[in-house]
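Based on the provided sequences and hints, a complete structural model is requested.
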Amino acid sequence: MTLKLAQWPRQSKIDRKSDARRIGAAAIRKELRPPCRGRCWCRAELTCAQDKVDVGITKLRSDEGVDLDVAVVKATLQDEVAPKDKHVRTLKVACSGSAPRQQVSYVIHGLAKRLEEKSGWLVTLKTLIVFHRLMREVDPSFQDEIIRYQERTGAHRMLRLDSFADHTTRDTWDYSAWIRVYSARGDSSSKLKSCGASELLDKLPQIQKLLSRLIACVPEGAAQHNDIVLQSCAMVMREVRATYRCVCEGVINLADKYFEMERPEALRGLDLENSLLNDRLNAFFSNINHVPTLRGVVQMPSLQ
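Going by UniProt numbering, the letters in the sequence shown line up with residues 1 to 304, in that order.
Keep in mind that the hints were calculated from the coordinates and are not lab data.
We put the beta carbon where it would ideally sit given N, CA and C, even for glycine.
Take these hints with a grain of salt, some might be off.
[To be verified] Computed beta-carbon distance windows for the label pairs:
id : residue 1 : residue 2 : range
1  : D144      : Q231      : 20 to 28 Å
2  : K84       : E117      : 31 to 39 Å
3  : R170      : K209      : 30 to 38 Å
4  : Q206      : E116      : 23 to 31 Å
5  : F259      : A155      : 20 to 28 Å
6  : P100      : S198      : 34 to 42 Å
7  : R101      : H290      : 43 to 51 Å
8  : A283      : E260      : 30 to 38 Å
[As the list claims (entries may be wrong)] No farther apart than 27 Å at their CA atoms in a straight line, the calculated lysine-lysine pairs in the DSSO-like style are these:
id : residue 1 : residue 2
9  : K203      : K257
10 : K118      : K84
11 : K257      : K209
12 : K113      : K84
13 : K86       : K118
14 : K84       : K74
15 : K92       : K74
16 : K113      : K74
17 : K92       : K113
18 : K118      : K92
19 : K74       : K86
20 : K113      : K86
21 : K74       : K118
Pasting the structure below:
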C-alpha cells in the first residue's frame, strides 16, 4: 500500500504577499524598536518620533500655515534642549505687531494644542517657555491677542497649569512642581511711576500679585539640575528684578499722593505699602543662590 504524504494547502498569491508584508513590517518594527531604558525614556522617544513624523507629514502640505506648524512642533520637540532660536524667531515674526491678527491667533492656537496634548513635562515646559519669550520679545499686541483668544475659546486658564502632574519617574515629579509655579507667573509691562492715585490703587495690587507669583518660582530637587528648567528660571529672575522696580516706583508714587487722597483711599494705600514683600524677596534670592548654576545671575535690586 502506498502512503501519501499530507500536503499543506497551497496559499494563494495574495495570501503569500500579505504574509510577506506582515513579516516585513514586524522586522522593521523590531529593527527600529529602541532598547528599553525605562518607561520615561521609552515614552519620550515615542513622543519625539511621533513629533518628527508629524513634521514630515506637515511639510507635504501646500497651504500657508506649514512653516508655522513646523516651527511650533520643532520649538517644543520632545528632546532635552531649549527651544531653538531659529524656530522661536519664525514665531516672533509671525506674531509681530504688523502681522495679520488671524496669523497671530493661528500661532497661539498651535501652541495651545501642544499644551492640551499632555505629552509629558518636557513638551509642556518648552511650550510655556515659547509663550514666555513671545510675551517678552514681541510687542504688547501679542498679549492682547492671547486675551482675545481666551475669550473666544473659553480657555481662560490656558496658561495656568495648577494641577499639572507627570508621575512617570521621581524626577518628573520635581519638573511638574516647577511647571505649576512657572505657569502661574504672568507678564506685565505696566509703569506705575506716572499713574494717578485712582489708577495706582487699581494697578499696584495686580503688580504685587505678579511679584508674589514670580518669587514662588524656585526649582527644587532634580529640577535644579535640568538645563531647560534653569533657562526658564533665569527668565523669571530677570522679570523679578524689573517687576520689583515697578512696584517700588508705584509705592514711592503712592507715598507722594497720600495728602491728595480721601481717608479710605489713604488707608488702602497704606496696606499696599506695607505689603512690599521685602522679606519674601530676600528669601527668594537666598534660595536661588543655593542653585549653583543660578548663583549671582541676578542681584537683589535696591530701592531707588
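Give me the numbers of the hints this structure contradicts, sorted from smallest to largest.
2, 5
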